[in-house]
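Add chain P to chain H, keeping to what the hints say.
Heads up: the sequence lines are chains H and P, in that order. When the letters of the first sequence are read in order and numbered with UniProt numbering, they come out as residues 1 to 325. When the letters of the second sequence are read in order and numbered with UniProt numbering, they come out as residues 1 to 328.
Calculated from the structure, these hints are not laboratory results. Hints may be right or wrong, so weigh each one.
Unchecked claim - Which chain P residues stay away from chain H? Per the calculated CB distances, all over 10 angstroms, these:
#1 Val66
#2 Ala91
#3 Thr102
#4 Phe104
#5 Pro106
#6 Asp151
#7 Asp215
#8 Met262
#9 Asp321
As the list claims (entries may be wrong) - Going by beta-carbon spacing under 8 angstroms, a handful of chain P positions derived as facing chain H:
#10 Glu35
#11 Gly90
#12 Phe97
Quick reminder that beta carbons are idealized off the backbone N, C-alpha and C, glycines included.
Each chain is listed here by its residues.
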Amino acid sequence: MDVVRRLLKNPTSLLGIILLLGFVFVAIAAPVIAPPAKSSRNVYLIPRDGFGNQPKPPNEKHIMGTTEGQYDILYGVVWGTRTAFRVGIVITLITTLIGLIIGSLAGFYGGWVDEVLMRITEVFLVFPFLLAAITLTSVLQTVYGRGEANFLVVLAKGLALLTFGQSPAKDLDPIQIQILTGMLAIIVFGWMTYARVIRGNILSVKEYEYALAARLIGASDMRILFRHLLPNAVFPVLVLASMDIGSYVLTFAALSFLGLGAQRGYADWGQMISFARSWIPSLGQYWFIVVYPGLAIILFVLAWNLVGDALRDVLDPRMRGRGND
Amino acid sequence: MTEILSVQGLETQFRTREGIVHAVNGVSFNLDEGETLGIVGESGCGKSVSVMSMLRLIPSPPGQVVAGKALYQGKDLLKMTDDEIRHVRGAQISMVFQDPMTFFNPVLTIGKQVSEPLEIHNGMNKKMAYERAAKVLEMVGIPKAKERLEDYPHQFSGGMRQRVMIAMALITNPQLLIADEPTTALDVTIQAQIVELVQRLREELGMAIIWITHDLGIIAGLAKRVAVMYGGCIVEEAEVKELYANPMHPYTRGLLGSLPRMDESDHRRLVSIDGMPPILMEKPKSCPFLSRCTYAVDHCKTENPALKSLSPNHKVACWVDPNTGREF
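Chain H extracted, bound-state conformation (with noise of 0.2 angstroms):
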């Protein structure tokens, strides 16, 4: 494959590439590197070795030391990675998607289809994307609580089914229902750019002469739309897509540190961080609640820019020879 050895060639993917594979190897290997108690009822839920306030650091027990709460960090960091990446590519995936179709077909039609279909795209795009989440978050979490939402349980239950493989039949676990509020919030905020660049690019693509030639041997509209145009339009989405992957995860770091997304003691980033929240002032002495999954969080993001980017190098023919900037 011509696309993967270039890929390889170039410095700064290549190392973006093992950043990624090292990701993956944990997340694969998590219950080797960091063994889940036999009790566990959930192995995403970090052990405690105690319930004392005081933070430890690194010890030989606790290689990275325990958070308040002796919550074992290595054991959170570990397991995070999951969360990291089912949570990063499910909304990146879900988000895609609605954008793709979206964008595919106001590009397409055109018309008043595309001038409603933007115009909801803009009021989408009106709200600050951070607030935005935060606010639905939190409104979502309360409509759950008390359990009168048929819809948003649709939606819940086939995010579920998505994130954590788990059938629809079955109830919402609450562990999950933050988590997967979090992420409903992101989604509902993050499609745009993707419809709006996938429009631009059906825009253009639809005036070359084998969207013609698809309609002159007699193709359906969605035929012609979706295998002869979109195949050509996507590949902008795609780069924008794996670039987004760590930046959703950032978001949803957020979201956890603010105590909206992952419940306290899942594994999950960003809501590691925020246990740090308490010991702010004395941070120099309790770094080790930050620095790891600080670390891996900045690690994960780097890893899906440096991959973004190469796919954007190699996948663009204008960028082409140009070296790596």
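Structure of chain P alone, referenced to chain H:
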């Protein structure tokens, strides 16, 4: 011979910011089964727009077919539902374009694209469709056709792509092939090959052809009848030999006069037609060729001449007999 296509009074307009452009102003022609009609004319005279309007491939807006009929086997293409016309396009009427470089989708293999009409219209499975595609590619002279099905468009040369395009148009055995300047983007030796190929395929498959071009030389060897278009109208229509031997419209004369000829012994200066083709911002009230015509009389300024028969195989739209310089 049974008539396969009858276009009557076709009119197409484009609404632009500067006003309405009258691209086609009442074009009428007929085509029999297995017959080849050539449509010639300079760029922008409405050749392509006429056939595209017929197949309802004019982008709308801004384009709009405002009048006329296009009866294909007795049914009006312009009045069909979207679903009906989809089953005519690609199945019964196929088209070949000028530019073989942009015609193909760069991300799909040739096999996928060539066999797609079969998939759409005949509901064939992939294996059968590919077998047929290989056969048709062989027919148009692609060596190792079976292996090349897996290749992408950029792996073919221009001439090869033009052959593939023809194969794709013919894969469903259409009754009518519309060739819109299929040789313009090719160099001369390849042009000759493509013309030969189409002649051979016409004999083998017996489809009718509309061949649009601005190359009078190519048309002479291919078509039975030729229609000359100018300013969105057909100004002369005749059997090929008759047209070349006895051109009756001043524009046709001008066109033929601007061509170098192999059979002329003395060195003659090639004549160009002065002036520019008209921009059709309004429906022509006078003859559209008026401003460039050397034969013009007063009548030409007041009325646009309709196409009238001089003999059973020769029609012309002109007030003046250029042989005498007087009105008919």
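Hint check:
Once the 10 angstroms rule is applied to beta carbons, Val66 of chain P is consistent with being away from chain H; the minimum gap is 20 angstroms. Non-interface status of Ala91 of chain P relative to chain H is broken: a Cβ of that chain comes within 10 angstroms, the nearest being about 6 angstroms off. A beta-carbon of chain H is positioned within 10 angstroms of the beta-carbon of Thr102 of chain P; the least distance is around 4 angstroms. Listed as a non-interface residue, Phe104 of chain P fails to keep its Cβ farther than 10 angstroms from every Cβ of chain H; the least gap is roughly 6 angstroms.
Chain H draws Pro106 of chain P into its interface by the beta-carbon criterion, the shortest separation being 7 angstroms against a cut-off of 10 angstroms. The claim that Asp151 of chain P is not at the interface with chain H holds, since no C-beta of that chain comes within 10 angstroms of its own (minimum 15 angstroms). With a least beta-carbon separation of about 20 angstroms from chain H, Asp215 of chain P lies farther than 10 angstroms from that chain, consistent with its non-interface assignment. With a closest Cβ-Cβ approach of about 34 angstroms to chain H, Met262 of chain P is found to remain outside the 10 angstroms limit, as its non-interface label requires.
Taking the minimum C-beta to C-beta distance to chain H, about 42 angstroms, the non-interface status of Asp321 of chain P holds against the 10 angstroms cut. At its closest, the beta carbon of Glu35 of chain P sits 22 angstroms from a beta carbon of chain H; the interface hint therefore is violated under the 8 angstroms criterion. A least Cβ separation of about 3 angstroms between Gly90 of chain P and chain H falls short of the 8 angstroms threshold, and the interface hint therefore holds. Interface restraint check for Phe97 of chain P: the shortest CB-CB distance to chain H comes to about 6 angstroms, inside 8 angstroms, so the restraint holds.
Hints 2, 3, 4, 5 and 10 from the list above are not met by this structure, while the remaining hints are.
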